[in-house]
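Engineer: Protein chains in written order, with the working numbering: chain A, 1 to 128; chain B, 1001 to 1176.
Keep in mind that a hint or two might mislead.
[To be verified] Taking lysine-lysine and the DSS-like style, the derived pairs with C-alpha atoms no more than 25 angstroms apart in a straight line are:
no., chain 1, residue 1, chain 2, residue 2
1, A, Lys62, B, Lys1101
2, B, Lys1153, B, Lys1101
3, A, Lys124, B, Lys1039
4, B, Lys1003, A, Lys79
5, B, Lys1153, A, Lys124
6, A, Lys79, B, Lys1039
7, B, Lys1101, A, Lys59
[To be verified] Across the chosen pairs, the derived CB separations fall in these ranges:
no., chain 1, residue 1, chain 2, residue 2, range
8, B, Ile1023, A, Pro27, 46 to 52 angstroms
9, B, Ala1146, A, Gly114, 53 to 59 angstroms
10, A, Ser106, B, Asn1105, 22 to 28 angstroms
11, B, Phe1015, A, Asp74, 44 to 50 angstroms
12, A, Tyr92, B, Arg1085, 50 to 56 angstroms
13, B, Phe1014, A, Gln48, 28 to 34 angstroms
14, A, Gln35, B, Arg1085, 24 to 30 angstroms
15, A, Ile122, B, Asn1165, 56 to 62 angstroms
Hints in this document: simulated from the structure, not taken from any laboratory. Where a beta carbon is used, it is the ideal one built from N, C-alpha and C, also for glycine.
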Amino acid sequence: MNKLIAAFFCLTAMPSFAIEVYAFETPEQEALYQQLAKDLRCLVCQNQNLADSEAGLAKDLKDQVAEFVMAGQDAQTIKQYMVERYGDFVTYEPPVNASTAFLWFSPLIVFLIGALVLYFSIRKNRHE
Amino acid sequence: MKKVLIALIPLAIFFSLITLLYINMGKHSEVLPSPLIGKPIPGFEHQTLHTRQTMTQNDFLGKPWLLNVFGSWCPSCQYEHHLVRALADSGKIKVVGLNWKDETNDAKNWLKRWGDPYHEILVDYEGDTAINLGVYGAPETFLIDAQGIIRYKIAGVLTTEIIRNDLMPLIEELSL
């Protein structure tokens, strides 16, 4: 029975260690903070977001984000603050510009090529 | 014949992709371009480590200077320390340390042990200025001109190659 209970707790254990203790005034602020911590990249361990990172700098940046959220800043302003300091890399959305055009539009090109291939092969089959 | 060629297209694409990925494999870098190059250094107000004077960015106007972000907790800082010393000893540039998130005693002991080449050391205990400078790891080194504009940034350890090829030419250009 004890083993069964232990197994139950193991299975239901949630990674709840990511909870931080910031005293937000409203649930909306809390939600905004959580969203931003997910959307911003940790610069130290570059494939983690701020929420998941335990790095010292990530903690400082989370403190900073929480402070801004409590001061009533919106998501756009806070992201802008981070981009001004750390560059576009800090968000997970690369901006559309000349150097990222290929990144953004290559799926469309591949899709168009596929559509053309499909169109011509259907037309060919009809003629036959 | 035509059919054979068409059938070979996917294979050709596959191999060109492999080649492309292989070539770029060694080029991967965690070094990020700083958006602050060409912009004025963010305002700060810090105490100096030894004399506890308050200094701001305006105290450094008039001559180009280097800002070297370091901490006693940072092994790579110790690794590059002799190069920081060489730069400071060269007399060509003022070298200022930014002691990042460090305890005063730890910093002082570290400097006692490895030598203190800095002309001035600013204490950024909370890490605010580091965030404003977009610092994401120590060591980092900024080259700031006489007007307080950030001209160059090295994220990571200094090397003799970086100093010889990038930093020194820029310093000489700024000192003219």
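Engineer: All the hints need checking, so say for each whether the structure fits it.
Structural biologist: We went through each hint and held it up to the structure:
1. A:Lys62 / B:Lys1101: 16 angstroms, holds
2. B:Lys1153 / B:Lys1101: 20 angstroms, holds
3. A:Lys124 / B:Lys1039: 60 angstroms, violated
4. B:Lys1003 / A:Lys79: 53 angstroms, violated
5. B:Lys1153 / A:Lys124: 59 angstroms, violated
6. A:Lys79 / B:Lys1039: Roughly 19 angstroms between the alpha carbons, so the hint for Lys79 of chain A and Lys1039 of chain B holds.
7. B:Lys1101 / A:Lys59: Within the cut-off at roughly 12 angstroms; holds.
8. B:Ile1023 / A:Pro27: 46 to 52 angstroms: The hint (46 to 52 angstroms, Cβ to Cβ) holds, given that Ile1023 of chain B and Pro27 of chain A are roughly 50 angstroms apart.
9. B:Ala1146 / A:Gly114: 53 to 59 angstroms: Distance hint for Ala1146 of chain B, Gly114 of chain A holds at roughly 58 angstroms.
10. A:Ser106 / B:Asn1105: 22 to 28 angstroms: 55 angstroms, violated
11. B:Phe1015 / A:Asp74: 44 to 50 angstroms: 49 angstroms Cβ-Cβ, so the 44 to 50 angstroms window holds.
12. A:Tyr92 / B:Arg1085: 50 to 56 angstroms: 40 angstroms, violated
13. B:Phe1014 / A:Gln48: 28 to 34 angstroms: Since the Cβ atoms of Phe1014 of chain B and Gln48 of chain A sit about 32 angstroms apart, the hinted range of 28 to 34 angstroms holds.
14. A:Gln35 / B:Arg1085: 24 to 30 angstroms: Given range 24 to 30 angstroms: violated, Cβ gap about 46 angstroms.
15. A:Ile122 / B:Asn1165: 56 to 62 angstroms: 58 angstroms, holds
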